[in-house]
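So the chains spell out like this:
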Amino acid sequence: MTARDEVAREIRRHDRAEATKRTARRIVVFVVFLVVLALAYVGYKAFGRTLDDAQTDWPVIGNVLPRTDDLTMPPIADIFAEFGQPPQRNSSKPLAAFIAEAALFTLREATLGFAFGVVFGLGIAVVLLRSKWIEQGVTPYLVASQTVPLVAIAPIIVIWGSTSLDWLPFEWMTWMSVSLIAAYLTFFPVAMNGIKGLQSADPAAMELMRSYAASRRQTLLRLQLPASVPYLFAAFKIAATAAIVGAIVGEISGGVRGGLGRLILDFASRYTTGPSRLYATVIGAAVLGLLAIGLVTAVEYLVLSKRREEPLAL
Amino acid sequence: MTEPDRWAVTISNVSKTFNQGKPNEVHALEDISLMIAGGSFVSLIGPSGCGKSTLLRLIGALTHPTQGDIGVNDKSADQARLDRDYGMAFQTSGLFKWRSVTENVELPLQLMGWSKTDRRERAAEMLDLVKLGEFCNHYPHELSGGMRQRVAIARALSFRPSLLLMDEPFGALDEMTREHMQTELLDIWNKTGKTIVFVTHSIPEAVFLSQRVIVFSPRPGRIASDITVDLGDRTFETREASAFFEKITEVREALRFEESRI
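In order, the protein sequence lines correspond to chains B and V.
For the record, in the first sequence the residue sitting at position 200 is 200 according to the working numbering, with numbers rising by one throughout.
For the record, in the second sequence the residue sitting at position 64 is 64 according to the working numbering, with numbers rising by one throughout.
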């Protein structure tokens, strides 16, 4: 063990400690914000109540801002109490269990959708890298694809999946169609950042590969792809949340049961008899999104800390 | 000069024009003819923009001449590149930051399809040659500038090319490290018998390292003088010898004469 080894090890230890500190700080800030948001919610409700009690009419509330009654804004305590209560009269299963099961179902769809999207997006990026012509010709279509409403595509994909994919060696399930819908949202950031990342390889390094008479494939695999990793992780974070949103919207518009989308649809249609159920389910979906981003960020840290590269912004 | 056993590089009547026929046309090199003997150490020196780096890239077939022919090891420059006849080192080390020191040195071998054990063995040998054996598992960001440059040289030598093309490899280093690296490079040259073509704009560096210093004129680059340096084996004393300073003066005069003609 040389002195230099010691120093390098010390630097790595220091970096790790710094990263832990940063993560801890982030969590504290997050919790503080959560409390501030909750206080704002409660404060706003209380303000509305005093207006009601005084029989004064303040035209902004109810016309511009949401009304503060318990139907529009159920009390926070009610929302959290709802997690422990069974949403169906004939069952004792609490809502939290329903949400957890639905979240797992949606997570499965989203994960497969994320994987589809990454493979498809990277494939597009590699094709676009081939020539400026292809890049300029295809990019507008990629952008246009994202302006098509998901609600319009969802039924098409679900029907296509259930009627045309019987040649596959395994049974095509409806939830897999939802994954395809989610992939429709996830491939885009991966393709866009992917092409930027692949092009980010240092020109001197590209020349070096040429001096080694490296093939196009070797250059892609050994230089351009590794160089694009920070860009890809920035895209993965966007794609992770997009996959969950895509899965939820896909469930709703594709009429698929079992996930958060269906749960949200059910509770929305019965909103007047229990608004806090919908709120609780939405909170569940948000937590799922945060978990997905957290997972991607953790993997990013593991991959990039070795080469000491600052992760790009979220 | 006596006829050598073989010519490593033959450049005949080479011109290079960038953006030919466009308003931003640049004549980088004009009518260059140069023969480089196998096993020799030749420096290319000249003011910025004189095309010396372009000439190096032409030898490496990373760009092609507008006119004239370039041969490397009795074949076309392109063929020599495909046969991996040369290794290259730049001013920036160009190490891949996601690869450890060993993995960086292994890169060309990996591209050539060597097995993992063979690669490891050769990389270890090369890192010993540049005296970095104990740093094999470090990552580039953990090394100093001089060490990174040594890794880049080890990488260029790893597949044992007969020709080494170096473009100001020590340009970004401090003076102390630079002199140290020069001594080590000469040591490697003595041990391996490579042909080295070395681009620099430091006169003492060119004189200390080379057997021949080629002085370029400003744009369009032409060969202004071809100065033979015969200082025998270089030692620490060489840097303080009067013959060393005389050669430095000779190169400087040649450069100044060219400057005055602009």
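These are calculated hints, taken from the structure and not from any lab test.
No residue lacks a Cβ here, since even glycine has one placed at the ideal position from N, Cα and C.
Treat each hint with caution, since some may be false.
With a straight-line Cα cutoff of 20 angstroms, these simulated SDA-like cross-link-like pairs (lysine to any residue) come out [claimed, not checked]:
id, chain 1, residue 1, chain 2, residue 2
1, V, Lys97, B, Lys93
2, B, Lys306, V, His138
3, B, Lys196, V, Lys97
4, B, Lys306, V, Glu134
5, V, Lys97, B, Pro203
6, B, Lys306, V, Ser162
7, B, Lys93, B, Gly274
8, V, Lys97, B, Met206
9, V, Lys75, V, His138
10, V, Lys97, B, Arg16
11, V, Lys97, B, Glu300
12, V, Lys191, V, Pro220
13, V, Lys75, V, Lys97
14, B, Lys306, V, Thr10
15, V, Lys22, V, Pro220
16, V, Lys131, V, Lys191
17, V, Lys131, B, Gly274
Stretch-level coverage of chain B by chain V, calculated; a stretch enters the list once three of its residues show a Cβ under 8 angstroms from a Cβ in chain V [to be verified]:
id, segment
18, 197-207
19, 286-296
Now for the hints, and whether the structure bears them out:
1. V:Lys97 / B:Lys93: 53 angstroms, violated
2. B:Lys306 / V:His138: Distance ~10 angstroms between Lys306 of chain B and His138 of chain V Cα, so the pair holds.
3. B:Lys196 / V:Lys97: Roughly 18 angstroms between the alpha carbons, so the hint for Lys196 of chain B and Lys97 of chain V holds.
4. B:Lys306 / V:Glu134: This hinted pair holds, its Cα atoms lying about 19 angstroms apart.
5. V:Lys97 / B:Pro203: Holds, at about 15 angstroms.
6. B:Lys306 / V:Ser162: Violated, at about 35 angstroms.
7. B:Lys93 / B:Gly274: Given pair Lys93 of chain B, Gly274 of chain B holds - Cα atoms ~17 angstroms apart, limit 20 angstroms.
8. V:Lys97 / B:Met206: Distance ~14 angstroms between Lys97 of chain V and Met206 of chain B Cα, so the pair holds.
9. V:Lys75 / V:His138: Violated, at roughly 39 angstroms.
10. V:Lys97 / B:Arg16: 19 angstroms, holds
11. V:Lys97 / B:Glu300: Holds - the C-alpha atoms of Glu300 of chain B and Lys97 of chain V are around 16 angstroms apart, at most 20 angstroms.
12. V:Lys191 / V:Pro220: 37 angstroms, violated
13. V:Lys75 / V:Lys97: 35 angstroms, violated
14. B:Lys306 / V:Thr10: 44 angstroms, violated
15. V:Lys22 / V:Pro220: 17 angstroms, holds
16. V:Lys131 / V:Lys191: 14 angstroms, holds
17. V:Lys131 / B:Gly274: Given pair Lys131 of chain V, Gly274 of chain B is violated - Cα atoms ~74 angstroms apart, limit 20 angstroms.
18. 197-207: Since three or more residues must qualify, the claim that chain V covers the segment 197-207 of chain B holds, with 4 doing so at under 8 angstroms.
19. 286-296: Since three or more residues must qualify, the claim that chain V covers the segment 286-296 of chain B is violated, with 0 doing so at under 8 angstroms.
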